[in-house]
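> Read top to bottom, the protein sequences are chains A and B. Residues 1 to 340 (the numbering used here) make up the first sequence, in order. Residues 1001 to 1398 (the numbering used here) make up the second sequence, in order.
Keep in mind that the hints were calculated from the coordinates and are not lab data. For every residue, glycine included, the Cβ atom is placed at its ideal position computed from N, Cα and C. Keep in mind that the hints are not guaranteed to be accurate.
[Said to hold, decoys possible] Chain B is nowhere near these chain A residues, computed Cβ spacing over 12 Å in every case: (1) E116; (2) D147; (3) L169; (4) T217; (5) Q235; (6) E252; (7) S273; (8) A276; (9) H302; (10) K309.
[To be verified] To give an idea of the interface, some chain B residues facing chain A are shown, with a C-beta separation under 8 Å as derived from the structure: (11) L1017; (12) G1130; (13) A1134; (14) A1259; (15) V1265; (16) G1269; (17) D1278; (18) V1340; (19) T1376; (20) R1387.
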Amino acid sequence: MTETLDIDRGELEQVTGDLLARHCDVAHLRDRLEAGGAHAPALWWRLAETGLVSALVPAEFGGAGLEPAHLPGVLHATGYHALPEPLLETAVLAVTLLAAFPDHPDADARLGGIAEGSLLATVRFGDADRHVAFAADAHLVLDVAPDGAVTAYAADQLEVVPAAGVDPLRPVAAVIPHGAGDLLGTSPDVAAHVRDLAVAGAACQLAGAARRLLDLTVEYVADRHQFGRPVGSFQAVKHKIADVAVGVDMAEAAALGAFGAEDAHDRARRAASAKAYAGQAADRANVEALQLHGGIGFTWEHHLHVWLKRTMSLTAAHGTPAAHRRTLARDLLARIGEEE
Amino acid sequence: MTMISVAEFRAEVRAWLAEHVPAEPLPSWTDQAGFDQHRTWERTLFEGGYAAVDWPEEYGGRGAGLQHTIAFAEEYYRARAPERVNMGGLYLLGPVLMQYGTEEQRRRWIPDLLSCRTIWCQGFSEPGSGSDLASLRTRAVRDGDHYVVNGQKIWTSMGGFADWIFALVRTDPDAAKERKHAGITFLCIDLRTPGVEVRPLAMVDGTEGFAEVFFTDVHVPVENVVGEVDQGWKVAMSTLGFERGAVFGDHAKFSNDVAALAGLVAVRGLAEDSLALDELGRVLVETEVYRANVYRLAALAEAGGNLDSTASINKLYWTEMQHDIFATGLRLMAEDGAVVGDLAGLAGVDAVTADAWRDWHHRYWYARAAMIFGGTSEIQRNIISERVLGLPMEPRRS
């Protein structure tokens, strides 16, 4: 199915959006919530079949060999549809790490397994992550240490302790390795690259989830009548929504733009900015969406909470807005110091 | 411009700026002497061929594409070249003339506009017509080959330094009974015409340049009408579109401002203060996001996309960002934030930081103005919610 990916970014985004609208609709999400588990093998197979899971896998390992820059629209769609699958973790982060060490004896089996859809993987940034997304479903956890050492742990080489994450459709767990694991190699550049991909990828997902909150809210306030007219015709309501719209739109600009950097420094700066801003914008969207949905938004029956929780989960993941702001500020102060 | 790559153009611009940008920053343009020095600089820029690189060559531009235009601006601000002072002409009237003007009008006004021989200001607002612009009352009555104009414009930026004004006037008062946007005409008026009186209006910080303009039986040739008579609202909306939309490359100006803010953090000894780092980080994020938006809009425009629906989002965003930058600076400077332009007594102040702080309050007030001019933030929110998102209209009393 790799030939289906010989298409441009826009088409890829379109294909993903269509697929998720059909197979990851509210009914599917409800179904997963009731089942008490996020990952559904049937949906994952569908993603693999379409070629989305193998998009970044190098051709010699059975993938399409695309660049991460092809995928921001796809990741945005995963947020928009609240996909309860580790597409970012497996198809972007794990693939990039595994492909960085192509001479490892298991590279073929692992990348091939991901490409065909039989292997789920996730990534733990050892110094930062107490909670790893989709760890309970993963067959493989890749640990990225602060010094750039990348270690693979099979599911039976670690203990996974599920946490009561706010978003049941993006489950998180503590990961405690037994023993040394399988060292793929050590590369600070690879580690930095994948860390930035995680940050930028989460920013895309956040922007997508925030866009969904905006769309749901626009739809609701146009429909809901009070005092004999749609509540969306009241300026007090409109202005809140306009502010949310500006945030979402600019978050998209930053998140999609985070994949277009020219050098490592610019890449880190764009990723951190995008994640910090998307977190802020999503927080605003979250607050106003629930406020403007009124009582109905507070019910389990309405599906708004899926995206309220997804934005909370993603805002906390891969560096909070505050953490990124401080990092960026320190970096700027250091650069100014150098210029003088 | 297809002959030269972005990288080559960037190198050319960088070399030219290195040679020509004044070593000492120019004094602020907010008084006549400072303004005149900026005008001289604009002339230098024009002679170098850099006054408006994105304009077609036949009007004195370089026919540069958006990537080249962005590269020019990034180099311009990197070199800390002087602020541009003919915004009304370069960013508003010039593009409007290219869209709606006659060939004769373009030949007549564009060269002087580009060289800054003529400074233009915008005559839209009136004492009774701010956000409700279409309620404007300045009258222009046809009399043979000219119009006779009576009325008043107010809050005119650069009015005190300008030579010409492009104004909205009412040419058909009867049409307004049906629809107040009808019967308005876009008219260019030489401010030296008898009957024009420009009264300086000191700004909130006491600086000059702001004005109100009175018209008493002012005779204006009919050939000064831009677009069709009575159809000026369309031209005005196009002007406001340019005012609100992206100026490709101005993100680099805001990046300079944030670098200056970092300088303030450093001289205040706040480099390890987590609240200060958070504030600095926030505005840095805002400018980085704006940079991403400029790149995105440029890509969209190059692909033939329409940017109309992005203008209000852009304006609301950049004006709030700009305010955040300057307000944050005032806050971080604590008690020194209430002292205008003076960093004496603070250790470790470098020239760039001192220079930035000299104009900081003025830039702060300008940021406050920007949330009002070109359509207030509230008007932008109305446009975004109704025209971009399609929310139901607010019932309006007729």
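> Can you name, in rising order, the numbers of the hints this structure does not satisfy?
Violated: hints 4, 5, 6, 7, 8, 11, 12, 13, 16, 18, 19, 20.
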